[in-house]
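**Student:** Letter by letter, the chains look like this.
4 protein chains.
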Amino acid sequence: MNLLLDQEIAISNPQSTEELVEQYKRIRERTEVLAKPLATEDYMIQAMTNASPTKWHLAHVSWFFEAFILKDFEDKYKPVNELYNYLFNSYYQDVGIPFPRAHRGDVSRPTVKEVYDFRNYINDYMISLLDSKPTNDSIKILTILGGNHEQQHQELIMTDIKYNLGINPMFPKYTDIDAASPRSPDIPEMEFVKFDGGLTEIGYTGEGFAFDNEMPVRKVYLNTYKIGNRLVTNAEYLGFIESDAYSNSKYWLSEGWDKIRNENWTAPLHWHNISGEWYSYTLGGLQKLNLSEPVTHVSYYEADAFAKWSGKRLPTEEEWENTVKILDLQPETGNFIESNHLHPTATSFEEIEEHKIVQLYGDVWEWSASAYLPYPGFSVLAEGISEYNGKFMSSQFVLRGGSCVTPIDHIRRTYRNFWHPDTRFQFSGIRLAK
Amino acid sequence: MNLLLDQEIAISNPQSTEELVEQYKRIRERTEVLAKPLATEDYMIQAMTNASPTKWHLAHVSWFFEAFILKDFEDKYKPVNELYNYLFNSYYQDVGIPFPRAHRGDVSRPTVKEVYDFRNYINDYMISLLDSKPTNDSIKILTILGGNHEQQHQELIMTDIKYNLGINPMFPKYTDIDAASPRSPDIPEMEFVKFDGGLTEIGYTGEGFAFDNEMPVRKVYLNTYKIGNRLVTNAEYLGFIESDAYSNSKYWLSEGWDKIRNENWTAPLHWHNISGEWYSYTLGGLQKLNLSEPVTHVSYYEADAFAKWSGKRLPTEEEWENTVKILDLQPETGNFIESNHLHPTATSFEEIEEHKIVQLYGDVWEWSASAYLPYPGFSVLAEGISEYNGKFMSSQFVLRGGSCVTPIDHIRRTYRNFWHPDTRFQFSGIRLAK
Amino acid sequence: MNLLLDQEIAISNPQSTEELVEQYKRIRERTEVLAKPLATEDYMIQAMTNASPTKWHLAHVSWFFEAFILKDFEDKYKPVNELYNYLFNSYYQDVGIPFPRAHRGDVSRPTVKEVYDFRNYINDYMISLLDSKPTNDSIKILTILGGNHEQQHQELIMTDIKYNLGINPMFPKYTDIDAASPRSPDIPEMEFVKFDGGLTEIGYTGEGFAFDNEMPVRKVYLNTYKIGNRLVTNAEYLGFIESDAYSNSKYWLSEGWDKIRNENWTAPLHWHNISGEWYSYTLGGLQKLNLSEPVTHVSYYEADAFAKWSGKRLPTEEEWENTVKILDLQPETGNFIESNHLHPTATSFEEIEEHKIVQLYGDVWEWSASAYLPYPGFSVLAEGISEYNGKFMSSQFVLRGGSCVTPIDHIRRTYRNFWHPDTRFQFSGIRLAK
Amino acid sequence: MNLLLDQEIAISNPQSTEELVEQYKRIRERTEVLAKPLATEDYMIQAMTNASPTKWHLAHVSWFFEAFILKDFEDKYKPVNELYNYLFNSYYQDVGIPFPRAHRGDVSRPTVKEVYDFRNYINDYMISLLDSKPTNDSIKILTILGGNHEQQHQELIMTDIKYNLGINPMFPKYTDIDAASPRSPDIPEMEFVKFDGGLTEIGYTGEGFAFDNEMPVRKVYLNTYKIGNRLVTNAEYLGFIESDAYSNSKYWLSEGWDKIRNENWTAPLHWHNISGEWYSYTLGGLQKLNLSEPVTHVSYYEADAFAKWSGKRLPTEEEWENTVKILDLQPETGNFIESNHLHPTATSFEEIEEHKIVQLYGDVWEWSASAYLPYPGFSVLAEGISEYNGKFMSSQFVLRGGSCVTPIDHIRRTYRNFWHPDTRFQFSGIRLAK
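Chains as they are written, first to last, in our numbering: chain A, 2 to 435; chain B, 2 to 435; chain C, 2 to 435; chain D, 2 to 435.
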């Protein structure tokens, strides 16, 4: 695999201006490394409304610095083009009506080259601003936020391009990737590890950056629970499919049942049955389904139905967070984008023996049974970007732990990802509880 | 008002067969009393998919006894018409594919008269079955469930007919109703009552009937909270409208903002601005807006936006339930269907003085900030009707307390109603917390 | 069959006020006779936007006299209810924005009884007006138009109620009807009769009433053509179905192919294959398919595809009209509503021997290959009802000859009916040409 | 303007193999010249289903030679990629199910470069085939058809790219174009030229290539008619707009009225009112509206409404063809793509004096009042491409005369273009008749 990503961890809580500038540069650079394998044509496509073109992502994350920092704090700043504020705003109503999301792929100009020019233009201003106003805390906080925002879009670049290339009947690969996993079907039976209930604390308390939706810390009471010691595999999910579960309403939430019938879902996204053989489309192209790998690209509906079919349930986000806290697990154990797999990988007997519970970090985002709602006492981000997280707090579910395309320094035990329950184009998977 | 409803409370946990039969008869009779003011034509209409025709409700609640009791426990039972199982199934996939919901209003036969015949037919069989098998607990439990189910549809008959008549530009009244409230604008300022946090127990523990979604009882930790001592009024909501809040994205959830723009919502459902004057359509016809009454027919999006505009928030369902528990309030204080108002009514200084917090029961269902999800350890109803509640546990919010068209003996402190956040045709309103 | 329709022909070109009043009364009465078999519930239903409720038809045709005659010519006239002008306007934008067509079935008030009262109210005013102003030609012309308009709706009442009852899985009958045809499979092979080409005249020249779209008379040049001596039968259409033509794109217009796939059409509307046996829903209920009867309830797409499959084509409207003119055929030979069959009937050897070409009048409207466009020199109806015909002159095809539910005195050789090519709920059928 | 197009006319009826090869080469080359001004990104976009990406056009016209010639007549031919037959089939059901039209813009591979390689690959095979089988008439006929087909797509490349770039708020230009017209508002008043009626012949009789839909020749009888001596101008159309005609239902066909309200049409496509000033987007970018130019980008509905507003009507296709025949006009007088304007241009006093009636050829396609239907005796193209024209013969109207982006050697007096009446992205305009 030819992405030159490194394992070195960015400084998520930079102490000095130098550290902040360095962090800013490395995040910005990383985004461009991710786009590098693409042909110009690939930058343009948007095969569904939710899967934005790479070109748009590259521009939007730059616009973020323009709209929330440079316009307010840099008097000399002059926009490259006034229309970029319309074209590259995602959903911030306060900043003006955004260009219709469904048409992002219909905009050929600015060209890819011009978007890279725009990135450089922003970089020059940002670095100069950070250098010239080293004591301005608002700038610092917003720059860190902008970096975290760009990391979120790094993940989206990968999931969106996977979707956008994946609908092409030629199944072009994004790049050559490492054989995602050894073809070992020998992975241990799932076991359930018991955790005592009681009062515990959930949410972010550290000193570095965290999103508003992880705060404030809150006390919760948990019942005793048991949680699966690894993710659900393709082999196990295939059992669900082969039991005809997609035709049996009793496993499904009502909305899920409507969805699978209206969309003719009979397997996870990116699975293809070719002449009776299962394949999955990966960022390295179409590959025979690896039964030992964690299942991915399933909706909440499918995760929940699988759990019911198994006689189990999905864990709540509080159970997930408590588990990681008690085991004191660190992200370093996980398969993140720096691993260069770009696909979830199988676990092993050894790994389970070492960590007791594996794959909590990385590989796939784990659907929790918790709706995405504010923590008691939640207040939105200040500094004019109040629309960041809070306005999505209806009809979505929380996912935890990061995936194989998440930057490792972006994840935390308290990190809350959220998607509608019908979402499948993310690297989303299943952990069971009972 | 000419509905002969009585305040006497049905026996919600009948001890003897006689009591059970009596309860069955009274619930069945009540349904027919509610339909009585309607013209034959009114029974037929379905102005949106969600607002089923009264005729369909009358038949569906009867079908429930056929499908889940008589078919299984009464050998002699012969369906009036085999197609009723298709026409009057609502959503129970196990029992067969239901007739398309959107076309319920397009079915003229069976006629209203034939549906009443069907009701009598079911009643005869049910009463005879209850008499002949007095010791069969399954029959008993399912009959109680069928009664509770029919009470839910009594409320729906009222909300659906209100919607269905309300789209008629002639604004026909369902019946003459008592002047909903005295026209007193003199109601006290809202005050917030403080409750200490800590561990508390939520959920049903009693011996009588409760739905599966209220169980099992669970321990939760609450932060200290303050809750409004009365419901939000039309006057207060008008302030929200007049501040141009429907045009200001900052108060709105993202889905809510899309909804109000796509549907051109600028006021609650059933409000009409005629030559600059506000009116609301009630079951007694079009009336000048009474500013002292609790606002109703608002979606979760509107309730949430109103709360944000006020600098407050909506209470969680745990806070609501804890409040009622600590105050030891009983439903008898509330404005339910037996009050014969069929509309929320204004509170008064005296009432607040007496009860400290008013309108928790009755008047309007109060949107909570809690998603509708299972309690830890939740298991679905046995007895073949597992599809009753559990399959709706995604994308919905919990409402508490009952409304002016809820039967008083149907409500409980632990009762959880649930609707999609865009729902407005129910009597839904707003209580604030902070 | 219990409809008391008579064969006596109304005076289509009344000479005296007495004749006009008599004609008015008889048309108005006939409409009510047609509605008589219906239950109150049947009056209400609208199972698709195009199939209006009978109650609406009854009111709309009355509103026509109010809007275009009484309001303008009768000073004393006071509307029963100002909102009727909104509720019962069909599409006359000049008269005000009409109530949304798709919601006609959602309006329970006025009740059926009140609509009949409205009819009587209009009748009283109309008859008094005709008596009091016998010399006003505008009133006379508009009254004749109103009568013809009501006759069009008589046909629609029948086709709409057939559609609306036909979607009910119980297949209720409108009424008992005469066995539509003897079950004789012995009908003669189709033969083609040759007509010489040359110049001919098309369009209305008589003295009585005709619609604006039949005028002015125009000269056309026809090539020599051959036309089928009878309609296409169910047996022949079944051959088309059984040859798998619904799965073979080569017979279909592009729009037709999209339609049959999107709507899963595999047979004419109202056909049902029950356990391998074909039935058709008729106004007398579900009946075994009679193979000798003319096929009906086919779209233009199906008529055209059938013709292509047969190696033939559909006749143009000029060919159809010229054929009738040369044969000098009169409507009296046809199966119209007065025959009380309410269904197309089979022809016979005798009939063909007698008339050479049969079924040109009545039974089913025959799809022509002609788009519905104005004749050269066309000008719209004067008198404020210019929206009557002209504004539909795009995307529709002409049908000729009337059907088994057309009033016999409503049809003419020059009469042009028109529908979108995907229409199937009319009694539409197929005649071939080559 | 930098397109190196030449006025020299291709040999539309090549006599020798050399001529045929030369014609083939020049048409193929011309297509690539048209694409040359585009950035790679521009090749990809499809802002509505009907406006295919340039890349797709380039591939599709090549696929046509593969599918209908090389596969059948060249044994050695091996497809570059089997999937191209799926990706680049437009609508030929016989050849396999085409890739969904709406997703053409979502396919980034093959890249633009690979599509040009595909073009060359096809060219090599085609030229070698033509050389090696000089006497095969089927190959000859199909090659000529393929050339004409490619010319049709040359026009579509221009109209589609105009649409696709035109939705970009930056209004990128396709290329620099000649000032479309001198800014002379001084053009003569429209006059109407009278033509006697009588029998005339319509349709193609020549020896060269013509489409199946222009044949067979047919005799028609025309009434005396008068036809406008020039096209309707922007100034005249502005009068229509300013008279509030878009808000006045009486000018509109019913379908047109629905369309303009649903889509909020208030002016032709590509018109923009910026601060009270009218601009139109041209292939040379946004320009102030030139009042003397012919109005273009109007639908049939708008053309018809304009005619009604003017007290005139649109000419029939027979009147148009007869006019050109009698005046014996040749395409050379017209503004076609070889003029390098890429936009309709204003006429002048001199031009009208010279030709009596101007702009019949070129500038804009003229909406006729005729539905697109087969001529009597029409039979589809043989040789397996029967789906070419015939299957679109419903719901469309005929346009005549070619436009400023039509290749001059592609047009004829008998040429019939056809589009749905709501189409606006073509260069369509208005000529009046009475």
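Wrong hints could be hidden among the right ones.
For chains that are exact copies, the list does not tell them apart, and a pair is met inside one copy or across any two.
Distance condition first, Cα-Cα at most 25 Å in a straight line; then the derived SDA-like pairs of lysine to any residue [as the list claims (entries may be wrong)]:
#, residue 1, residue 2
1, Lys309, Glu208
2, Lys72, Ile128
3, Lys79, Glu339
4, Lys37, Asp423
5, Lys227, Asn137
6, Lys195, Ala268
7, Lys251, Ala268
8, Lys227, Arg102
Don't read these hints as lab results, they were simulated from the structure.
**Student:** So, for every hint listed, does it hold in this structure?
**Tutor:** A quick look at each hint next to the structure:
For the homomeric pair Lys309 and Glu208, neither the shortest alpha-carbon distance inside one copy (40 Å) nor that between copies (28 Å) is at most 25 Å. Taking identical chains as interchangeable, the C-alpha atoms of Lys72 and Ile128 lie at most 25 Å apart only when both belong to the same chain, with a minimum of 15 Å there against 60 Å between chains. For the identical chains of this complex, Lys79 and Glu339 are neighbours neither inside a copy (36 Å) nor across copies (42 Å), given an alpha-carbon limit of 25 Å. For the homomeric pair Lys37 and Asp423, neither the shortest alpha-carbon distance inside one copy (30 Å) nor that between copies (43 Å) is at most 25 Å.
Proximity of Lys227 to Asn137 under the C-alpha cut-off of 25 Å is found in neither arrangement, the shortest distances being 47 Å within a copy and 37 Å between copies. For a Cα distance limit of 25 Å, the shortest separation of Lys195 from Ala268 qualifies neither inside one copy, at 31 Å, nor across copies, at 51 Å. Within a single copy, Lys251 and Ala268 get their C-alpha atoms as close as 17 Å, which meets the 25 Å cut-off; across copies the closest is 34 Å, which misses it. In the homo-oligomer, the alpha carbons of Lys227 and Arg102 never lie at most 25 Å apart, since the shortest distance is 42 Å inside one protomer and 40 Å across protomers.
Checked against the numbered hints above, the structure breaks hints 1, 3, 4, 5, 6, 8 and satisfies the rest.
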